[in-house]
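*Asks:* Residue numbers (our numbering), protein chains in the order written: chain A, 256 to 575; chain B, -14 to 315; chain C, -16 to 384; chain D, 151 to 405.
Possibly wrong hints are sitting among the right ones.
Quick list of in silico lysine to aspartate or glutamate cross-link-like pairs, EDC-like style, CA-CA up to 20 Å [said to hold, decoys possible]: (1) B/300 x A/347; (2) D/349 x D/386; (3) D/354 x D/291; (4) C/56 x B/-12; (5) C/33 x C/278; (6) D/300 x D/330; (7) D/273 x D/291; (8) A/351 x B/186; (9) C/133 x B/54; (10) B/300 x A/491; (11) B/66 x C/101; (12) A/286 x A/347; (13) B/301 x A/347; (14) C/56 x C/67.
Simulated from the structure, these hints should not be mistaken for laboratory data.
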Amino acid sequence: MITQDLISFFLFSLLYLTVTIPLVLAYRVTKVINFTVANYITYGAYTAVLLDYYMRSSFGHNSLLLTVLSSFAVTGLIAVLSNLAVFKPLAEMRVKGDVLMIASMGLWIVLKYVLYIVSDIASSAWRTNLVSYSQIHYDDISLLTVRAGLVGVQQSLVVFPLLAVASMFILYLVLSETRVGRAVLAVADNSVLASLSGIAVGRVVNLTWFLTAGLTSLAGVMWTTYSGAITPEVGDSLILQVFTIAFIGGLSSLTRTAAGALLISGVENFGTDLLSTYLGLPTSIKPMLTFTVLLATLIVSPPLGVAGGVPYRFTRGARR
Amino acid sequence: MIDVLGFLITLTTYIGIYLVLSLTLTLEVSSGITNFGKVAFYGLGAYTGALIGTYLPLAITGSRASPFDVNGIQLLYTISKSNPVLDLSVFLLSLAAGFAVSALFGLLLTYPIHRVGSALVGFTLLSTGEVLRLFYLNTEPLGESKGFMGIPNPFAWLPQARGAEALYLIIVWCFVGLTYFIVSRIMNSPLGRILKGMRDDELVALYAGWPTPLIKSKVLALTSGFTGVAGVLWAYYFTSINPNMFTPSLTFNIWAMVILGGIDSIVGGVLGTVLLASVDYAARFVIPFIGTTLVTPDYLRWIIVGLVMLVVLLKKPEGLAPRRGGVSKL
Amino acid sequence: MGLPLGYVFSTTTSPQSTGAPQAGQAREYQIGFTLPLSGELSSIGKIWEKVVYLALDDLNNEVKAYGFNVTFKPVILDDGTQDDKALANVQSFAQMGIKVVIGPAASSQVKAVKSFADANHIVIISPSSTAPTLAIPNDFIFRTVGSDAKQAKALATLAYTQGARTVVVFHRNDEYGNAFADFFTRYFSQFNNTKVYDLPYQAGLSDYTSEVNALASKVQSTGADSVVLIAFDTDAANILAHAAGNSVLSSVRWFLSEGPHGAQELLSPTIGQFAQKTRLLGTRPLFVHNPLYDEFAKKLKEKYGVEPTVFCDTLYDAVQLAGWAILRAGKYDGDAIRAALVEVAKHYYGPSGWTMFDENGDKAFQDYGVWAIVKTDQGYQFMDVGMVQGDSVIFTTTPYR
Amino acid sequence: MGVKLIVEKVTKRFGGVVALNRVSINVPSSLVVGLIGPNGSGKTTLFNVVTGYYTPDEGRVLIEGSGRVVDITGWNPNRISRMGVARTFQIPRLIPSLTVLENMLLFYDYGSCASITCSLRRKWVNVEEAAVARAMSILREFGLESIAHKRPAELSAGHLKLVETLRGLMSDAKLFMLDEPFAGVESWMARKLTDTIRKINREKGSTFVIIEHRITELLEGVDYVYVLHNGSLLAEGKPDEAVSDERVIKAYLGK
């Protein structure tokens, strides 16, 4: 079923890009291997769920634009608050990278169960069950598709490219056109130098948290048009793939991360199908594929980025 | 009324098994090995123990039954109830085999990891753990998704459960003592200083004349061996294991315990382990009695565990009991 | 009423009264619940939590009606659908002096708690564990749901009578999925000129796109005429949503196990149309036309606004059985309660039908109903359309005209 | 006793860039030799090749000491340093979490006492005492015992460079390769450094190869000079001859 594989490869590449590109940019600025990325995805999806239920029950229709804006704002705000409450004070104490990472794990647990509580309260307030929610159909998108003459096309085929391109465009626009954006890039390259040249590093870091978390939450919104069931475990189940891609990119080069996203999406979508039809291997080995690809990439061409980098050029050359 | 003795025995058994893991991780972290694949060696030990604990008694009693169908499992229960000698010898054999298999695996794994940076070392080991878990899930002789059941607890032949639990606790804490002795002896010695040098600047350690890849592989082999032993202790305590018990969340818990205690600090690692394990277990006795039915009270327990981690990190970033510097103890 | 946080440290007032009750003051028994309120089964777990509160209200009223001055209190812990947490929960219940625990949900979790429960005489009643390897006589594990062997036979009979000959069994690669698929293959291949292909998928993922594509290729290459899906609710919704977009998979018949039944996500327009197109049918443990089930479903909808999902009825009955067993045992002790439970179950008929246990502590009699997804004026709904009796299927209403 | 360092036609390429182009150097034992040249001329790369950080694409590196010639091309840095080769870096690299004394002890050859079994049996106590005694005597000899228990973060650039150099004495190195020892160091500390070098050279006969731009300090203590330019050997000779060679001046002035 090559056509189906192609479609899902296309959709998953966009999804992974929307999460890993902001993740790598965020790492270069904040130096935090951030596990709360999983919460950003889930919070994006659940803002869409709560908004969809509320708007359907009181207005009878919902809107993707409003969902995107509110999930961007909600998730961005949470990220800024978590920076001010946890990561900024820790960074000021010059802690090692591992401590920042473990702090992001503690925050991941807290944010995850706060979401379970919020969906609990919403469920009993609206007397329905929101812990798992069905696929969301956006009315303003269906208007768009009808007018564009693509009637009957799966919503995800429109929403995924729309949001992915929008998020990449926003990122490009902010980073290259605006003064603040250039400051973000400067801090990304060298925060000491940036602060010397008069950039308010603190404000830029907060903006980066807001921007990257907001963009990541778009992946959660995209997910609601694609998956048959949305649960609070959405972000957690994507986190290992997302980190695999980020590490292939060495947590530093955006182009190599983009290539990693295409590679992993290709392996997952084509690999599973081909192996199962031609070699009869069970599809249950799919997660194994992802990790064997990572191990292969690490051994064949270890990335030289911040996270990678051979500790020393230590090659055992020929004797004579 | 709370059965305080039962509470303490269960809690200290969990703390004991976690301590073997966090002490070995403390040594690994202080020698620059960011081991995100702790659960891989842990699972390897558990599966080695389970394989020996089920196939061997069945083979010895000459029965044809496989350890995955009902009568095989019933036979294992009756065997473990009736002859103590077989139980104990199978248990000791599993501990030795668990150590050997995990140590060998640790040795093999140093090759791919000593050529990449520390965060990547972590992720390589993490993915190896996941590959292993999926290997168990798709291998018929390892029980696939059923996993193993009826692993004979070494003290199953004892009449009352309390006695068996207490004896098992003693065995667990023997290994805690052994691990503590080894980790503290190594860290408080010239080798400990070399390991810390390797972690901070591997090139300088090399120029000081120390073959850092060889030292790393020896350390990882030793710590992986003890992680495998912890896996065997876990498998025989649970008497049933399956692949989904060995997910990365266990590794992150152990990391949280070590970082909470303070890197390089053995006492800190112990404190971090005792704190987190106790909060997680003891909260079960308080949380369900908060009267709200609007929200599941148990979610609060998870939030408390997360908040404790954050508060301790923010208040004492260098950890609960940071290691005072100074020359290694003469 | 909730108790203050300092409860565990103040040992003076002890709600768990093992001592003689003062006159007039109701004697209180605690029942432990270890439910999957997070993790993979959280969507079912959340509804179960509400069923527990409903069941305990009914039990307490019923018990008062019979003149017993007793109230049953729940102690609910989340085990995150994980084995080590399930054991830790059961251990903490035991140490609180609780002798009867309902749950855990997954068979792997029940195995993890079995040796502790047997050693400490804690009665475990799982409403949903169906693994055949737990059918072990005289232990402390009870299961108020029939084992999957019988349901697989019913599903095989249903598929064959509906004309299925070449079938791809697409199932979770876990305890539940593998056991169900093995039994289904064994029974279905007994019918003549039938062919069965096995295709497991990794459980616990957030998405199954590539697996559904692999299924489509398998159906195409084997020329299969139907797919048997053995899944839980969230993975079934995900798989069916993707299958709806696939031409090959929309042109074959689909037969489902009981897992997805009751999941609201299956009533979305995409899956609803797909069900009509493929004339989707499923089996589930059910005593057809059981008035108690309809009444139970109505009460749950009124009180908490949720439809009962799979195993809600077996959970409801597990709570009733636990309560009556404690009363019949006379003393709050594991062995007495175990013996009483077997006796009580012999005469109890609840929403899940007769609850008698066989010698392994599993539900002895289990009939299987056939369910479908039908289009009604308020959108798509689940509907029981018939039942499987021995080798024949009797339809009470004909779905998908 | 010092060692002779022989570098034969060593070439090292990084992708298209040729960092070292058939460089040959012959350093007689117990001499203090200078290695100068504009930035990017390959000085540090040559150090990296000799000490085993890089493996040369072509050519050989040999050490001759007490009559034996050993070809150390492609060896690991740790085996080369065990042959008595000590090296310092442009930016001093001390272990931040260890005190000065512990940094010195790191370079002491504990031999079998650094093994796991020796640590478990605590058989290292007297070896450690000997190491500490040696380290303190070296520090005292060069007037640094006051900073023995300080952390690198508390020291000045000069002190860092001094400790990095003295580390080599812990396992009596025979060949010292110092990379810009005087960069960023106050003049009184530079003189202290030069005295130290001359003292080690005189008393222990160790050979010195020093990379240093500030030729005036270098001139006093240096016996011979090699000049590198764009990865190849431009000139060599006595310090005053080499410096006055117009090719060297042109190279430094940068045409």
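*Asks:* None of the hints should be skipped; say for each whether it holds.
*Replies:* Hint check results:
At most 20 Å may separate the alpha-carbon atoms for a hinted pair to count; residue 300 of chain B and residue 347 of chain A meet this at roughly 13 Å. Pair hint residue 349 of chain D plus residue 386 of chain D does not hold up; C-alpha atoms about 25 Å apart against a cutoff of 20 Å. Between the alpha carbons of residue 354 of chain D and residue 291 of chain D the distance comes to roughly 14 Å, so the proposed pair stays at or under 20 Å and holds. Distance restraint check for residue 56 of chain C and residue -12 of chain B: the Cα-Cα separation of roughly 19 Å lies within the 20 Å cut-off, and the hinted pair is therefore satisfied.
Between residue 33 of chain C and residue 278 of chain C the CA atoms are separated by roughly 16 Å; this keeps the pair inside 20 Å, and the hint holds. Between the alpha carbons of residue 300 of chain D and residue 330 of chain D the distance comes to roughly 24 Å, so the proposed pair goes past 20 Å and is violated. At most 20 Å may separate the alpha-carbon atoms for a hinted pair to count; residue 273 of chain D and residue 291 of chain D exceed this at roughly 29 Å. This hinted pair checks out: residue 351 of chain A and residue 186 of chain B have alpha carbons roughly 14 Å apart, not beyond 20 Å.
The straight-line distance between the Cα atoms of residue 133 of chain C and residue 54 of chain B is roughly 18 Å, inside the 20 Å bound, and the hint therefore holds. At roughly 28 Å between alpha-carbon atoms, residue 300 of chain B and residue 491 of chain A are farther apart than 20 Å, so this suggested pair is violated. Simply put, residue 66 of chain B and residue 101 of chain C have alpha-carbon atoms about 12 Å apart, close enough for the 20 Å limit, and the pair holds. Pair hint residue 286 of chain A plus residue 347 of chain A holds up; C-alpha atoms about 13 Å apart against a cutoff of 20 Å.
With a CA separation close to 13 Å, the supplied pair residue 301 of chain B and residue 347 of chain A stays within the 20 Å bound. For the suggested pair residue 56 of chain C and residue 67 of chain C, the alpha carbons sit about 25 Å apart, so the restraint of at most 20 Å is broken.
Of the numbered hints stated above, those contradicted by the structure are hints 2, 6, 7, 10 and 14, listed in ascending order.
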